[in-house]
Every structure is written in structure tokens, then in C-alpha cells.
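Those protein sequences? They're chains C and S, same order as listed. Each residue of the first sequence is one higher than the last, beginning at 1 in UniProt numbering. Each residue of the second sequence is one higher than the last, beginning at 1 in UniProt numbering.
These are computed hints drawn from the structure, not numbers from a lab. C-beta atoms are modelled at their ideal positions from N, C-alpha and C, and glycine is treated no differently. Each hint should be verified, as a subset may be incorrect.
Take a look, some chain S residues computed to stay more than 12 Å from chain C by CB distance [as the list claims (entries may be wrong)]:
#1 Met1
#2 Arg92
#3 Gly107
#4 Pro121
#5 Gly123
#6 Gly145
#7 Leu178
#8 Arg202
#9 Ala236
#10 Leu252
#11 Gly259
#12 Pro309
#13 Tyr344
#14 Gln352
#15 Arg360
#16 Ile367
No farther apart than 20 Å at their CA atoms in a straight line, the calculated lysine to aspartate or glutamate pairs in the EDC-like style are these [to be verified]:
#17 Lys407(S) to Asp313(S)
#18 Lys316(S) to Glu332(C)
#19 Lys316(C) to Glu332(S)
#20 Lys404(S) to Glu255(S)
#21 Lys404(C) to Glu260(C)
#22 Lys404(C) to Asp351(C)
#23 Lys162(C) to Asp351(S)
#24 Lys299(S) to Asp388(C)
#25 Lys365(C) to Asp388(C)
#26 Lys365(S) to Glu323(S)
#27 Lys365(C) to Glu324(C)
#28 Lys299(S) to Asp268(S)
#29 Lys299(C) to Asp392(S)
#30 Lys316(C) to Asp342(C)
#31 Lys334(C) to Glu310(S)
#32 Lys162(C) to Glu349(S)
#33 Lys299(C) to Asp313(S)
#34 Lys334(C) to Asp319(C)
#35 Lys334(S) to Glu320(C)
#36 Lys334(S) to Asp319(C)
#37 Lys334(C) to Asp319(S)
Computed footprint of chain C on chain S; a stretch qualifies when at least three of its residues, placed anywhere within it, have a C-beta under 8 Å from a C-beta of chain C [claimed, not checked]:
#38 17–23
#39 74–82
#40 206–220
Number of protein chains: 2
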Amino acid sequence: MIGEVIAIGDEMTTGARVDTNSAWLSQQLAAVGVRTFFQTTVADDIEAGVQAFRIAAQRADIVIATGGLGPTRDDLTREVLAMLMNQPLEFRPEVMEHIQTLFSRRGREMPERNRLQAMFPVGADVVPNPQGTAPGLDLTFPREGLPPSRIFALPGVPAEMKQMVQATVLPRLVASGLAGQRVMRQQVVKCFGVGESEMESRLGNMIARDRTPSVGITVSRATISLRITADATDDALALQQIMETRQQIYQLVPEFIFGEGEGCELQDAVSDALVHRAESLAVIEAGAAAPLAGWLAGKPGFRAGIYVPELNDLEKRKDEPQEEIFARIASENKVDWLLAVDAYPQLPETDQPLPAFPLRVLIWKAIPSSESKGELQVSELELGGHPDIVQDRIAKAALDILRKQLKRKTKDN
Amino acid sequence: MIGEVIAIGDEMTTGARVDTNSAWLSQQLAAVGVRTFFQTTVADDIEAGVQAFRIAAQRADIVIATGGLGPTRDDLTREVLAMLMNQPLEFRPEVMEHIQTLFSRRGREMPERNRLQAMFPVGADVVPNPQGTAPGLDLTFPREGLPPSRIFALPGVPAEMKQMVQATVLPRLVASGLAGQRVMRQQVVKCFGVGESEMESRLGNMIARDRTPSVGITVSRATISLRITADATDDALALQQIMETRQQIYQLVPEFIFGEGEGCELQDAVSDALVHRAESLAVIEAGAAAPLAGWLAGKPGFRAGIYVPELNDLEKRKDEPQEEIFARIASENKVDWLLAVDAYPQLPETDQPLPAFPLRVLIWKAIPSSESKGELQVSELELGGHPDIVQDRIAKAALDILRKQLKRKTKDN
Chain C
1 MIGEVIAIGD EMTTGARVDT NSAWLSQQLA AVGVRTFFQT TVADDIEAGV QAFRIAAQRA
61 DIVIATGGLG PTRDDLTREV LAMLMNQPLE FRPEVMEHIQ TLFSRRGREM PERNRLQAMF
121 PVGADVVPNP QGTAPGLDLT FPREGLPPSR IFALPGVPAE MKQMVQATVL PRLVASGLAG
181 QRVMRQQVVK CFGVGESEME SRLGNMIARD RTPSVGITVS RATISLRITA DATDDALALQ
241 QIMETRQQIY QLVPEFIFGE GEGCELQDAV SDALVHRAES LAVIEAGAAA PLAGWLAGKP
301 GFRAGIYVPE LNDLEKRKDE PQEEIFARIA SENKVDWLLA VDAYPQLPET DQPLPAFPLR
361 VLIWKAIPSS ESKGELQVSE LELGGHPDIV QDRIAKAALD ILRKQLKRKT KDN
Chain S
1 MIGEVIAIGD EMTTGARVDT NSAWLSQQLA AVGVRTFFQT TVADDIEAGV QAFRIAAQRA
61 DIVIATGGLG PTRDDLTREV LAMLMNQPLE FRPEVMEHIQ TLFSRRGREM PERNRLQAMF
121 PVGADVVPNP QGTAPGLDLT FPREGLPPSR IFALPGVPAE MKQMVQATVL PRLVASGLAG
181 QRVMRQQVVK CFGVGESEME SRLGNMIARD RTPSVGITVS RATISLRITA DATDDALALQ
241 QIMETRQQIY QLVPEFIFGE GEGCELQDAV SDALVHRAES LAVIEAGAAA PLAGWLAGKP
301 GFRAGIYVPE LNDLEKRKDE PQEEIFARIA SENKVDWLLA VDAYPQLPET DQPLPAFPLR
361 VLIWKAIPSS ESKGELQVSE LELGGHPDIV QDRIAKAALD ILRKQLKRKT KDN
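Whole structure, please, built from the sequences with the hints as guidance.
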């Protein structure tokens, strides 16, 4: 089946807001075997809206639209769909009742204009919205020489929209046989410390478009995700395909892999390793950024974060030796490890990739049998890149050095 | 003039990546008076690509596309445009020379497949790409009964694409009379501490769609931006309109405004106020997040950040009084102000809005004439919202309380 996603709103076509609903919807469709060829974003304009729906319904079996269902005069999706279907709008008392209940539960008077949200084109089904006042629409658009196209129009508020897709839209698509004929399974392997093009060449034929299962590469803030997607006739087969490909990836690029799963980040790998060793960590950050304390906050094994403009702001007396400073901080915070970044650079205002900045990552490890003594390892790095990601890349490089030490060293070393 | 933006790539139609190029391009077009009615995202597929360009060129005077110009077999935009224009692809030696120069400057051999990037449909102009190997295309698509549509196809790498738009695409549009007939000016007023719907009702008719200049509301991570957009025949007139509207906004919602300009954040307002008073600040964060140190890092007046899992991890001895702890930390870090958040909540994994969490914001201010004495003010808050923004909202609420104190109190108080 072919799907199409439509996002409605001037805030997107003027560029004031980036649309994230469409990517999420395409993922949901892919998971039930529906491929998206087109995503269309359209302004709050009746004529443009009708055109967008007409084109989409002609070329796609399933159309899911978001936005334009609020109570204001900019919200034109109900009128657009009435024109598309060539049906008048009618008042639905049961929808009105739901809207009034929501307002009275919040202890507020319903403004008169919210009556608009109970107007539906004749023949349209309602998609319930338990969280908000804008119910969705479910329509069947007839096509000449083809089975009809199924159209869903949902509110643009992401939390409401997502709940409605999971509770109503996907079940209806599966029940009507439009989706779910194949089982799709995904597994994500997370990597750090390598560029996208080098990763591509290391993986070779694994990333061929026509491979089964497919392996996709995406990069987000210097972290690489390898997404294995199996699309099979049953779950066991999909799972088996995933496991084989996963093993091949571990053979090809073992040194870069730090974890698995969409949400796994380097700080999770570090926290897991600390828990495994029953040890604890404090981080020290200097310069123009300090992301590590926030990333690690609340995670097991992480005990303290310190930010100072310059590393020697940590001195208690002039020229206190670095080893002493670190031993003191570790003892004050009762930790086994210190990770220090010296320092995040002040970035110039530019949209161009920046040259590499020199910096140091310091790792201090308490020597277990001794009183307040430790072993200090200093790594000199040079890291650059686009200004949006340079600081994150530095923080991640520091975490990755620590992660490798936590894995390599035995606990008693 | 009507514009349309096309984004090309399976990584977007599968939902693996959110397209941010299109929003940026629509903003650029708006700034030279071109309105975007549609943004289309299309898969890496020849037939779908030709269809997307054909529809766009029929309904828009200017089409800007990004993506699909790389050297791999997924990159089909050159072929798509050749089919659209009904012209064969020809080899351009001068483009080849540029690509080879780029490779040799990086000290690398050019792979054979990069020759593809020098293939252009007959009649297409080149859009130079000083930073990358993928030059852009500039075509003129004839339309029956209408002036021709101008099509630009650019690489998807944001830094390269943006440079090409500013250096070549916009100047060519202005030179050809397709853009720039009107002057657009924008000014952004930043607010915090109010919900979107309350802000809307406070602003009343200011946000009417047909107002000149227009006032748009966008919300990002609990910060509200009011964007005043004037579109006039000359610069002085646009500026005058902006200034009048700006003053009206200051009269309507003075208590929420903390600054102006796209990039201004609460931490900038706090840093500015500290500099103005010649005072300094340390922050203490406890719980499951620690964004403040990173936001303030490197800004004038900010001297230290401390993260601890729980606020009483700061005690040097059991039951050390909070006032003493704060006085000691202020003295150790030589600061006049301490801002503490106690504590960022551990969030459950959900996509639903969360109920309000109780927390405390503590502000400690040194009493200037005394030795290590201070005044402690504790605010009890309850803040909730979508899990993606709860921690940022808490951090911003804390900054906003401090900002108001910095503005209110005279330096000697």
C-alpha cells in the first residue's frame, strides 16, 4: 500500500516552524507495511488545501493529514474536506457533547466558536480525541478504476495526534485490510567515533538499497545510528533476519558500537559500565559549554557535576598541582572516577563548518588500596565540525574515552 | 510570486529524518516577497520525483529543491530533471574540473562514480558549490499560458545548500525580477511565563491574520516568540511599522518580555543583568537534569555550576544549615548570587503531558557589607507539561525568577 502524509499550516509554509509530525507518521505507516512516497505541507488556504488532498488521494491508498482542525478562522481543514468530497457540513450533536464535557471538566465556559469543531462533512466518520477539543475525520474518497482512498484528518498537536493514530487510525487501517499485511521489525545499533562516509565504506554492501533486511545510516549530533529493518511475512522470520545482520555489523565495525536501541546514548553506556563495576563518577567541564552533567543527571553511578570557566578556577591555592586538585574533588564527592573536559571552545557565529579545536580530556581513577591517590590519563584531541554539533561532539568524545577505559580495565586496576 | 519547496530523500519519507531545509528555504523566500503555498517531500524514486517537479512547476513560479545530487545510485535528481525537461544529460568538463580540484585539495583520489555529478540536462545552468562536490542546477520550465517557472535543485547538506542560496539563488531571483520587489523586515520579541492561549487572548486583535504588520506567535520549549513581520515598499516604512507594533506589545504584555532578537534566551537576559550590576553567579542543580550550567557556560557573570543528585549532598557535615552551605559555596566560588533548583524530577517514559511536579527555586544573595552572610529567598513552584520540555521549563522558570530579582533590586540592597 502507498501512503501520503499532509501537514497543514502557515506556520510551516512560512518556515516559522519545522514539521515533525510527518516524519513520525511515515514511521508509523512503515511499521504496518505502508510506504510513503510523498509528504506535502500546505498553507492555510482553501484552494491549496483542496488541491493537496485531491492529488494525494489520487496517488495514495491512505492519506493522513494533520492540522487545521482548531476553532479559529484559520482552521480550514473541515471546509477543505467538505469541498473535496462535495458534501455539505452538518452538525454532530455527540461531538458537541464531548467538547462541552472537556470544557466543563476544565471548569471553563465553552466559547461559541468551538461549535465549529462539531461540524463534519456528511458521510465522514469521527476519530475520537480524548485529550482535546478537535476530533479527527475519517473519510473514503472514491477513485475511478481504483479502490477508494482512505483519508484521515487529525489535529496538529503532536500528543493528541499520536494518541489518535495509535488508538484509532492504525487499528482501523488493519481492520480494513489496508495495513499490517507484513510484519516490520527494526533494531538500531548505535556507534560513535567515525564519520558517515567512512562508516559507509566500512559497511560496504550491507547498506545496498535492495538488501534484505535493509541497513540505514543516520547521523544525529555526531552519533551514528545503524537501523536494521526487516520486512517479512511473519515475526519469527523478521527477527531471525535482524539477528543475522546485527551479528555481521558487530564483526565489521566492533570498535565504534556502544549500544543498541533508539534511545541509547553514550551516557547510558557509561552509566551501565559504572553500575557493573559498582563505581561512581564526577565530571568537570570548563569553557563555553557543559552538556555532560545534564546528560548524566539522575543516572546510576553519576554523583556530581562541576562547571568552571577555566580548569584552574578549581585551585584552592595558587599552583595547586592538578593531581591534588583531582584527588581532593574525588574525595569530597566520594567518587572513583573523574572525567574532565578542558575546554569547550567559544564558537564564532557562523553557519560554516569550523576547523578543529585543540582540547584535553582528563580521566582520573582512584587507586583503590591507597588513601586519596589516583592515576591521571590525559588525551589530547582536535575536534571541529558544524557549530551546532561541535560541543556535543567534544562531550561525546570524552564519554567515549571513558567508556573504553571502563570496559578495558579490570576493577582492581 | 508563488514559491514551492521540494525535499528529496527516502530518509525523510521513511520518517528517519526530519526535514529542516524546507522551513529555512520558505523563510528565505518570504524575505524576498515570495509566498510558499506547498512544501513537498518525495522519496528517492524517478517516477515520483518527476511527478513532484511537474506539479510544483505548474503551480509555482519558483521551485527550490534539495537533495538527491550526491554520487551514489540513490541520487536521482539529475535524471529526474532531465526527464522533466525532456532533455538528455551531457557531460560538463568545467564542473568535472571543480570536483577534481576539491578532491585533490583534500589529498584524495576522486572515485569514478563522482563523474556522475558533472552530468547536467542540456540547457541547465550550474549553481556553483564552493564547499562540496555537488553543484546545483538552474532550469527554466516552460508553461502554457503562463510565464515559465524557474527551478533550482541544490544539495541536501544544509551548510552547502544555504551558502548556495545566499550566494547564487537569491541574487539570480532578484536579478531576473522574480523576487525582491518588496522589503520584508522582522523583529522578534521573546517572552516567558505564560501559555500560548493566554498570550493570544492578551494580544487580542494584534494577532489577526490580515494585520499590517503581522504578529505571529510561536512557542519553543516554553519560550514564546512574537514575530513582527512588516512587508512594505521601502525599508524606512517597514522599520517604522515594526517600531509602532513593538511598542504596543510592550504595553500589552510587559511582565513576560525578557529580550529581543531570534537568538536571545533567558540566560542572555540574566548574564546582561549581572554584567550591568558588576556581579556574578553560580548555579546549583539537583535531580534528573542540569541544563542551566550548559546554557550559562562561557557567558559573562557566570562563574560556576554544580550538579548533585540531591541538594543535601552539598553538606560538609550532617545537618549543616542551608544558609551556611550556600554562604560557603558562594565564598568558595567568589560569587554574589546563587541560583539553586531543587529538584528536576525523574520523568516517566510517556508521550503524554505530565501533571505538575512540585519543586523549589532558591536564590541566595550576598549581603555586601557583611562577611559571608546572605539573604535566601525560596520559591515553591509546580510545573508540568510534555516530557520533552518539562526540564527546560523548570530551568527557565528558575532563570526568570532570578532575572526579575536582578532587575528589581538595586545593587546595594
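key: Interface exclusion of Pro121(S) relative to chain C, criterion Cβ beyond 12 Å   = Non-interface label stands for Pro121(S): nearest chain C Cβ at 23 Å, farther than 12 Å.
inquiry  = Does Glu310(S) sit within 20 Å of Lys334(C), going by the straight-line distance between their CA atoms?
reply    = Roughly 14 Å separates the two Cα atoms, so the pair holds.
task = Against chain C, does Gly107(S) hold up as non-interface, every C-beta pair farther apart than 12 Å?
result = holds (15 Å)
key: Reported absence of Leu178(S) from the contact zone with chain C (all CB gaps over 12 Å)   = holds (18 Å)
query = Should the label of Ile367(S) as a non-interface residue stand, given a Cβ cut-off of 12 Å to chain C?
reply = Holds, because the least Cβ-Cβ distance between Ile367(S) and chain C comes to about 24 Å, which exceeds 12 Å.
query = Regarding the pair Lys365(S) and Glu323(S), is the alpha-carbon distance no greater than 20 Å?
reply = Holds, at about 11 Å.
query = Under the criterion that the straight-line Cα-Cα distance not exceed 20 Å, is the pair Lys299(C), Asp392(S) satisfied?
reply = The given pair, whose Cα atoms are some 18 Å apart, holds under the 20 Å limit.
No chain C beta carbon within 12 Å of Tyr344(S)'s = violated (7 Å)
query = Taken at face value, is the distance from the CA of Asp342(C) to the CA of Lys316(C) at most 20 Å?
reply = Holds, because 18 Å separates the two Cα atoms, which is no more than 20 Å.
key: Status of Arg92(S), Cβ more than 12 Å from any chain C Cβ   = The claim stands: Arg92(S) keeps its Cβ more than 12 Å from every Cβ of chain C (closest is about 24 Å).
inquiry  = For Arg360(S), is the shortest CB-to-CB distance to chain C above 12 Å, so the non-interface label stands?
reply    = holds (17 Å)
request  = Verify the proposed pairing of Lys365(C) with Asp388(C), using a straight-line Cα cut of 20 Å.
outcome  = Violated, at roughly 32 Å.
The earlier numbered hints that this structure contradicts are 12, 13, 14, 17, 22, 25, 34, 39.
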